[in-house]
Structures are given as C-alpha cells and as structure tokens.
Amino acid sequence: EAGVTQSPTHLIKTRGQQATLRCSPISGHTSVYWYQQALGLGLQFLLWYDEGEERNRGNFPPRFSGRQFPNYSSELNVNALELEDSALYLCASSLGTGGRDQPQHFGDGTRLSIL
Amino acid sequence: KQEVTQIPAALSVPEGENLVLNCSFTDSAIYNLQWFRQDPGKGLTSLLLIQSSQREQTSGRLNASLDKSSGRSTLYIAASQPGDSATYLCAVRQTGGFKTIFGAGTRLFVKA
Chain A
1 EAGVTQSPTH LIKTRGQQAT LRCSPISGHT SVYWYQQALG LGLQFLLWYD
51 EGEERNRGNF PPRFSGRQFP NYSSELNVNA LELEDSALYL CASSLGTGGR
101 DQPQHFGDGT RLSIL
Chain B
1 KQEVTQIPAA LSVPEGENLV LNCSFTDSAI YNLQWFRQDP GKGLTSLLLI
51 QSSQREQTSG RLNASLDKSS GRSTLYIAAS QPGDSATYLC AVRQTGGFKT
101 IFGAGTRLFV KA
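Those protein sequence lines, which keep their order, are chains A and B.
Following our numbering, the residues of the first sequence are numbered contiguously, the last one being 115.
Following our numbering, the residues of the second sequence are numbered contiguously, the last one being 112.
Rather than coming from a laboratory, the hints here were simulated on the basis of the structure.
Computed from a predicted model, the values in this text were never measured in an experiment.
By construction, the Cβ of each residue, glycine as well, lies at the ideal position given by its N, Cα and C atoms.
Careful, some of the hints might be misleading.
[As the list claims (entries may be wrong)] Chain A regions said to be covered by chain B (calculated; three or more residues, Cβ under 8 Å):
(1) 53 to 61
(2) 103 to 115
[To be verified] Facing chain A, from chain B, some residues (calculated, C-beta under 10 Å):
(3) 28
(4) 72
(5) 76
(6) 97
(7) 98
(8) 99
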C-alpha cells in the first residue's frame, strides 16, 4: 500500500512569491491534514480537509490556504511568502467518518526555503 | 487552550535499557492520543494510537498508556536498540474542533 506522498521534496522561493505544495493521501483515506514544522517551533496544525471541505484551520494568516480535490488529494498554497515561512510542511491522511478517531499517517514533507 | 508537554526533552541511554517517555496535556476533552517517531529531516511514523476510552496499547516492544483524567500518557520502550534513536512525539486530538496538538518531542539517543 502506497503511503502519503508529497511533492515537491524541496522548494526554494523568494520573499513575496507564491508556493504550491501537493499531497496525495493513502488510498481510501478521505481526510487530509497540513502541518508546519518550523525550526524551534514544533509541529503546528495548519488545515484539515475532509470530503472536499475545509473542516478546521489553525492560527495562521489567510495567505495560507488550500483545497481538496474530488480524488482527495490536496494542495497547500502560501501567498506573499515571508522569511518565517521557511519550514518543513507535512501532510497527513486518515480514514473518514470525520477522521477524528482514526490514526493519522504522514508523508515525508516538503522543505520550503525562503531566500 | 490545550497544551501538550513532553518530558524529558532529550534522553541518552545505553542499548538494552528499558525507558519511559512522558506526555502530559492540560485539557482532558480528547478523542485520542497518538505517539509518533520522527527521524531527522523526515516525516512522522505512527507508533500507537490510544482512543480516549482505552487505557493502553501495545505493539512489539512498545507500550503506551493513557490516563485521561490526570492528563498523562507514557510510552514504554523495552530493550532499547540503536535503531530506536529518533525524536518521539505525542499528539492529542481535541473533541472541540478536532484539532491535533503536538508536544515538542523527546529526542532519544540509544548508545551501542
């Protein structure tokens, strides 16, 4: 069974640009989660999608947005990039029924570097 | 506001030793608690998930317990091996809003 896959592995951008990160969940999983892991700040919850709908978001500005497609894959978009957006962005997926009682399985992440 | 704390922040033990990692949380309104390991520069590997109605879960040399009323969980690793060296993270899934809150992790080093 293929795990959660994320692309690209690394992404280098400059301040003010826009970044798009992609995530494919495990087959059969309908919930997708995005997390930011910045140096020294730990894992911070960003967004949760389930059945194509945004279910919740963490304490991040609106320039962090995303969507989930009919095949349950997901995109995370970050606009007007700032230096402090440099981080490892992790995607996780879980089974449905809201996903709240199911284990989350993680991809290897996208390393976003802002120059 | 839910806060998750992991103690110790770092731990170094000789190979073969049994060890316990601790996780505490401030709000007991949780659906579940999940333990992960993270190798440097990598994603998270799920180890164990304990539902709020459960007391413990076991997988191989790993045993995780949950005391929801006191806001505590422990991860017990038996007969540690150098391959166990990694950062171990605990995370709670809240009932309100279903957000997942992570602790800062415990960095474990097992010496051969």
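Each hint, compared with the structure:
no. : hint       : result
1   : 53 to 61   : holds (count 3)
2   : 103 to 115 : holds (count 8)
3   : 28         : violated (16 Å)
4   : 72         : violated (19 Å)
5   : 76         : violated (19 Å)
6   : 97         : holds (5 Å)
7   : 98         : holds (5 Å)
8   : 99         : holds (5 Å)
The structure does not agree with the numbered hints 3, 4, 5 stated previously, though it agrees with the rest.
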